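Chains as they are written, first to last, in UniProt numbering: chain Y, 1 to 469; chain X, 1 to 438.
Just so you know, these hints were derived from the structure itself, not from any lab. On a predicted model such as this, the values are computed, not experimentally measured, just so you know. Beta carbons: idealized from backbone N, C-alpha and C, even for Gly. Please note: incorrect hints may appear among the correct ones.
[To be verified] Derived contacts from chain Y toward chain X, CB cut-off under 8 Å, selection only: (1) Met1; (2) Ser5; (3) Glu8; (4) Gln197; (5) Ala200; (6) Ser223; (7) Phe243; (8) Phe256; (9) Lys258; (10) Ala262; (11) Asp269; (12) Thr280; (13) Leu321; (14) Thr332; (15) Val338; (16) Asp372.
[Said to hold, decoys possible] BS3-like cross-link-like pairs, simulated, lysine-lysine; straight-line CA separation at most 27 Å: (17) Y:Lys258 with X:Lys185; (18) Y:Lys39 with Y:Lys336; (19) X:Lys100 with Y:Lys247; (20) Y:Lys154 with Y:Lys119; (21) X:Lys105 with Y:Lys91; (22) Y:Lys124 with X:Lys167; (23) X:Lys185 with X:Lys167; (24) Y:Lys39 with Y:Lys2; (25) X:Lys100 with Y:Lys258.
Single-letter residue listing:
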Amino acid sequence: MKINSPLEAYKFLPGTNCGECGETSCMAFASHLIDRSLKATDCTPLVSEEKYKKKYDELEALLAPEIREVVIGVGEKAVSIGGDDVLHRHKLTFFNKTAFAYDVWDTMDEKDLVERVNKIQDFKKFYVGDFLTLDMIAVRSVSDDPAKFAAAVKKVMETTEFPMVLCSFNPEVLKAGLEVAAEKRPLLYAANKDNWQDVAALAQEYNVPVTVFAPNDLDMLKSLAKTFSENGIEDVVLDPGTFPTGKGLRTTFQNFLKIRRAGINGDRDIAFPIMAVPLTAWMAHDDDVSASYWETVVASVFTIKYGDIMILHSIEPYAQLPQVHIRDTIYTDPRKPVTVDPGVYEVGSPTADSPLLVTANFALTYYTVESDLSSNGIDCYLTAIDTDGIGVEAAVAGGQLTAAKIKKGLEDAGFDMKEKLNNNVIVLPGLGARLQGDVEDETGAAVMIGPTDSGRLPGWMEQNWPPKK
Amino acid sequence: MSNKMKLSGLTDILKDLDVESLEGVTIEGDIELDISGGGGLNPAMAYALGHEAAQISLHVANIARMLGYPVDQLFAASMGGLPQVPVAGQSRIQELIPAKLDVAKMSEWATPIQEVTLGATSADGGSRKNTITLGGENALPYYFDAEMPHRNYVTMDVFDMPIGMAKSVKGNYEDVINDPAEWAKKVVRDFNADMVTIHLISTDPLINDTPAREAAKVVEDVLQAVDVPIVIGGSGNPKKDPEVLEKAAEAAEGERVLLASASLNLDYERVAKAATDHGHAVLSWTQLEINAQKELNRKLMKQCGVPRDSIVMDPTTAALGYGLDYAYTNMERIRLAGLMGDEELTFPMSSGTTNAWGARESWMKESPLNQDSDWGPREYRGPIWEIVTGLTLSLAGNDMFMMMHPTSVQVLKEITQTLYGSIEADEIDITNWVGAEV
Numbered sequence: 001m002k003i004n005s006p007l008e009a010y011k012f013l014p015g016t017n018c019g020e021c022g023e024t025s026c027m028a029f030a031s032h033l034i035d036r037s038l039k040a041t042d043c044t045p046l047v048s049e050e051k052y053k054k055k056y057d058e059l060e061a062l063l064a065p066e067i068r069e070v071v072i073g074v075g076e077k078a079v080s081i082g083g084d085d086v087l088h089r090h091k092l093t094f095f096n097k098t099a100f101a102y103d104v105w106d107t108m109d110e111k112d113l114v115e116r117v118n119k120i121q122d123f124k125k126f127y128v129g130d131f132l133t134l135d136m137i138a139v140r141s142v143s144d145d146p147a148k149f150a151a152a153v154k155k156v157m158e159t160t161e162f163p164m165v166l167c168s169f170n171p172e173v174l175k176a177g178l179e180v181a182a183e184k185r186p187l188l189y190a191a192n193k194d195n196w197q198d199v200a201a202l203a204q205e206y207n208v209p210v211t212v213f214a215p216n217d218l219d220m221l222k223s224l225a226k227t228f229s230e231n232g233i234e235d236v237v238l239d240p241g242t243f244p245t246g247k248g249l250r251t252t253f254q255n256f257l258k259i260r261r262a263g264i265n266g267d268r269d270i271a272f273p274i275m276a277v278p279l280t281a282w283m284a285h286d287d288d289v290s291a292s293y294w295e296t297v298v299a300s301v302f303t304i305k306y307g308d309i310m311i312l313h314s315i316e317p318y319a320q321l322p323q324v325h326i327r328d329t330i331y332t333d334p335r336k337p338v339t340v341d342p343g344v345y346e347v348g349s350p351t352a353d354s355p356l357l358v359t360a361n362f363a364l365t366y367y368t369v370e371s372d373l374s375s376n377g378i379d380c381y382l383t384a385i386d387t388d389g390i391g392v393e394a395a396v397a398g399g400q401l402t403a404a405k406i407k408k409g410l411e412d413a414g415f416d417m418k419e420k421l422n423n424n425v426i427v428l429p430g431l432g433a434r435l436q437g438d439v440e441d442e443t444g445a446a447v448m449i450g451p452t453d454s455g456r457l458p459g460w461m462e463q464n465w466p467p468k469k
Numbered sequence: 001m002s003n004k005m006k007l008s009g010l011t012d013i014l015k016d017l018d019v020e021s022l023e024g025v026t027i028e029g030d031i032e033l034d035i036s037g038g039g040g041l042n043p044a045m046a047y048a049l050g051h052e053a054a055q056i057s058l059h060v061a062n063i064a065r066m067l068g069y070p071v072d073q074l075f076a077a078s079m080g081g082l083p084q085v086p087v088a089g090q091s092r093i094q095e096l097i098p099a100k101l102d103v104a105k106m107s108e109w110a111t112p113i114q115e116v117t118l119g120a121t122s123a124d125g126g127s128r129k130n131t132i133t134l135g136g137e138n139a140l141p142y143y144f145d146a147e148m149p150h151r152n153y154v155t156m157d158v159f160d161m162p163i164g165m166a167k168s169v170k171g172n173y174e175d176v177i178n179d180p181a182e183w184a185k186k187v188v189r190d191f192n193a194d195m196v197t198i199h200l201i202s203t204d205p206l207i208n209d210t211p212a213r214e215a216a217k218v219v220e221d222v223l224q225a226v227d228v229p230i231v232i233g234g235s236g237n238p239k240k241d242p243e244v245l246e247k248a249a250e251a252a253e254g255e256r257v258l259l260a261s262a263s264l265n266l267d268y269e270r271v272a273k274a275a276t277d278h279g280h281a282v283l284s285w286t287q288l289e290i291n292a293q294k295e296l297n298r299k300l301m302k303q304c305g306v307p308r309d310s311i312v313m314d315p316t317t318a319a320l321g322y323g324l325d326y327a328y329t330n331m332e333r334i335r336l337a338g339l340m341g342d343e344e345l346t347f348p349m350s351s352g353t354t355n356a357w358g359a360r361e362s363w364m365k366e367s368p369l370n371q372d373s374d375w376g377p378r379e380y381r382g383p384i385w386e387i388v389t390g391l392t393l394s395l396a397g398n399d400m401f402m403m404m405h406p407t408s409v410q411v412l413k414e415i416t417q418t419l420y421g422s423i424e425a426d427e428i429d430i431t432n433w434v435g436a437e438v
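Based on the provided sequences and hints, a complete structural model is requested.
Laid out in C-alpha cells, this is it:
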C-alpha cells in the first residue's frame with residue numbers, strides 16, 4: 001500500500017458522507033481502507049458513477065498491497081496467498097494465512113491416494129470458536145509419465161474440492177495435468193532455468209498461476225519472475241529452494257528474508273508470494289518421526305518468516321497440530337481484542353443448582369473454557385474476572401486474579417449468589433487453588449477447586465457435582 | 001556401397017497400406033537421398049545431407065501424424081530433450097530478462113543488545129567450568145544484516161521437590177525426582193543442558209514453606225553437582241521470594257548466577273540488592289506488556305543500581321495455541337525497540353518455554369472434543385509443542401530457553417544452531433525434489 005493515513009485515502013472518495021457503505025462518514029470509511037478492513041469497491045458511488053472512475057482507479061493503485069495476491073483454485077475452497085504490506089505483524093497484520101498443501105504422488109495405488117486425500121481434507125481441530133483446517137493437495141509426478149500424472153490429478157479432483165499444485169519439471173507432464181484440471185485453476189510447479197519457456201507457454205495457454213524455481217539463486221529467481229510478469233503472466237509464486245539442513249537451511253532462511261524485504265520495500269519484480277517446501281526434510285531423514293519433526297520445525301520457521309504457501313508430506317497429527325497452530329498464531333490479527341468483557345455469562349441453561357465457575361477474561365482462556373463446557377452440555381454460570389487479559393496461571397502469580405477481584409467481579413456483574421444459587425459454591429480453576437482460603441474469607445462462599453485444565457471439567461463434574469452436603 | 005531411396009517410393013509404400021486419409025496427399029518434389037559409405041564425407045556435404053534427411057523426416061512425420069501416430073512424443077523421447085509445447089495464438093517468450101536482487105541492510109538497527117555473562121570460572125572467583133554470554137545482537141536473530149555473536153542457550157529445569165509433570169516428561173526424571181543435585185547432573189550429563197535452573201518451589205508457604213536457609217543448601221548442592229552456570233528460581237510467591245533469593249544469592253556468592261526473578265508485584269529492590277551485593281545477574285520478569293518491561297528495567301537500573309550487564313528480561317512465554325501470538329509479538333517489539341535505540345529494552349531475553357506443557361495438546365491423551373480429528377500419540381505431541389513454542393520465540397529474539405523435555409532440548413538446539421550457522425551437514429540436492437521417493 002502506497003499510502004498510510006486516512007486523509008490520503010479520503011482525497012479520492014466522493015466526500016458526500018452518503019452512508020451507503022454503512023459508515024457514518026467518508027473519513028471513517030477512509031480509515032477502514034487504511035487498516036484494510038474495507039475495500040474501495042465497498043464504496044458504491046465510487047465504483048458505479050462514471051465521474052469518479054479516475055479517482056477510483058488511482059485509489060485502487062495506491063491501495064494495492066505491496067506483495068501481489070495470487071488466487072489458486074476456484075469456488076469456496078479457493079485459496080488466496082500473498083497480499084502482505086508489512087514485515088512485522090504488529091505493524092498491521094499479516095493477510096492470507098500460509099496455504100498448506102500436502103502431497104500425493106502419481107505412483108500411489110489409487111486406494112491409498114484416495115484415503116490420503118480424504119485424511120487431508122477431513123482434518124480439523126477446534127480452536128476458539130472455529131475449526132483449523134488444511135488447504136490444498138500437491139500432486140507430484142514421480143513416474144515422469146504424462147498419462148500416469150493425468151490419472152492421479154483426475155483422481156484427486158474426483159475426491160476433493162481442495163485446490164491443487166501440479167508438480168513436475170517436465171512440461172509434457174504438466175500439460176497432461178492441465179488438460180484434466182485447468183478449469184480448477186491449479187498452481188503450476190515449476191518453471192526453472194531449463195524449462196521456463198515451455199512452462200511459461202503453459203501458464204499462458206491455460207491461464208493458471210505458476211511457480212518459478214531457482215534454488216539459492218535469487219538473481220535467476222527475480223529474472224524469471226520479471227520475465228513472466230512482463231509477458232503478462234502476473235500470477236507468479238517464488239520458490240527460492242528449501243534446503244532442509246545445515247548451512248543450506250540458514251541460507252534458505254536468509255533468502256526468504258531478502259525476497260520479502262525487497263518486495264515490501266517496493267521492488268515490484270520480486271513482490272510475489274513465496275513458497276517453502278518443508279517436504280525436503282524427508283530427503284535428509286530416514287525415520288518417519290525424525291522427518292516429521294524436522295519438517296514441522298522447518299514449516300514453523302517459514303510460517304513465521306514469510307512463507308505464503310508450502311508443500312508438506314507428514315500427515316501425522318503430531319506434525320499437523322503444531323503446524324495449524326503456529327499458522328494461526330502468526331496470522332491472528334493483533335488488532336483484535338485480547339479480552340472478553342468481565343462479567344457472569346450463562347453457558348447452556350443454568351439453574352439455581354448449577355455451578356458458578358471462575359476464569360480469567362483473557363479471550364483465549366475464556367473461549368477455551370466456554371467451549372469445553374458448552375460442547376459437553378454442562379449448564380453453568382461462567383465468571384470472567386478482569387485479569388487485564390492475562391490467563392489464570394499467570395494472573396494468580398502476577399496478582400491480577402485475587403479473592404478481592406473475584407468478589408468485585410461478582411458484585412460488578414450484579415450477581416447475587418444467595419439469590420441466584422441454592423448452593424453458595426464458587427468453583428475456582430485448579431491453577432488458582434492457592435486462592436481458596438482467601439476467596440472463602442472474602443466472599444463467605446464455599447470454594448471448590450476445579451481441574452487444572454478445563455478439558456477435564458466433564459469428568460470433574462461427574463465426580464464432584466452436585467457437592468456433597 | 002550406396003543406398004538410394006526416393007520419396008515417391010515411400011509414398012507408394014504408404015499407399016499400399018490403403019489408408020483413406022492419405023489419399024490425395026502428394027509430396028512435391030522428387031527428393032533423392034544418396035548416402036555414400038566409407039570415408040571422404042566433407043563437412044559441407046554432411047550438412048547438406050543432414051538438411052535433406054531432416055526435410056524427409058519432416059514429410060514423413062507429417063504423414064505419420066495424419067495417421068494418428070504421436071510423432072512428437074517419439075521425437076521428444078528419442079532426442080532426450082524437452083518437447084516444444086505448441087501454444088495456439090501466442091508467441092513463446094524468447095529471452096530471460098536479466099535481473100539482480102539488491103536488498104539494503106537495516107540502517108535503523110544501530111544499537112547493539114547488551115551482553116550479559118553468566119557463570120564465573122576460577123579466574124573470576126567462581127567454580128564453573130565455563131561462562132555463557134547472552135545478547136550482543138545487532139539485528140534480528142539469524143538475519144543477514146549482522147552476524148549474531150552468541151548462539152542460543154538452553155537451561156533445563158530442576159525442582160527442589162517432586163512436582164506434577166506431563167507423563168512424557170516425567171518418564172525422564174523418575175530416578176532423580178527426589179534429589180535435585182542428581183537431577184541437575186542428569187540434565188547436564190545426559191541431556192546436553194547448557195545451564196541448570198533450580199526452582200525452589202517448596203519454599204512457597206502454601207506448599208512446604210521450606211525455610212529460605214534450607215533452600216539455600218539445595219543451591220549449594222546443585223553448584224557442587226554441576227559445573228555449568230546456573231539460574232536460581234523462587235516459588236513465585238511474591239512475599240516469600242525476596243527472602244529465598246537473598247539467601248540463595250548469598251550461598252552462590254562468586255558464581256554469577258541469574259536470580260529469577262524481580263517483578264513489579266514483589267519487592268524487586270530486595271531481589272536486585274541480593275544480585276548486586278553478591279555479583280549476580282537478575283531476571284526482570286513482566287507479563288506480556290512492553291511498557292511494564294520498560295518500567296521494571298528502568299527501576300532496576302535507576303532505583304536499584306543494577307548494572308546494565310546484569311539484566312536479562314523475561315517478558316513471559318505463553319504456549320503455542322494459548323497466547324503465543326502475544327508473547328511472540330511482545331518479544332519482537334521489545335527486540336526491535338532495543339535495536340532502534342530504546343536503552344530501556346536493550347537486554348537479552350529468556351523464555352520459560354516449559355510453559356508449553358500447560359497446553360492440553362502437549363499432554364492430554366486425546367482431544368476432549370469429539371469433533372476433532374484424532375490427536376495421535378501424545379508422547380510425540382508434547383515435545384514438538386515445546387519445540388515450536390521455543391523456536392517461535394527464538395525468531396522474535398529470545399536468547400535463552402528454560403526447558404524440560406530432552407527431545408525438545410535436542411531439536412531446539414539443532415534448529416537454532418542451524419539458523420545461527422554452526423551446524424554442518426551434507427548439502428541435499430533439491431533440484432528434483434518433486435520426483436523424490438519419500
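Which of the listed hints are not met by the structure? 1, 2, 3, 8, 17
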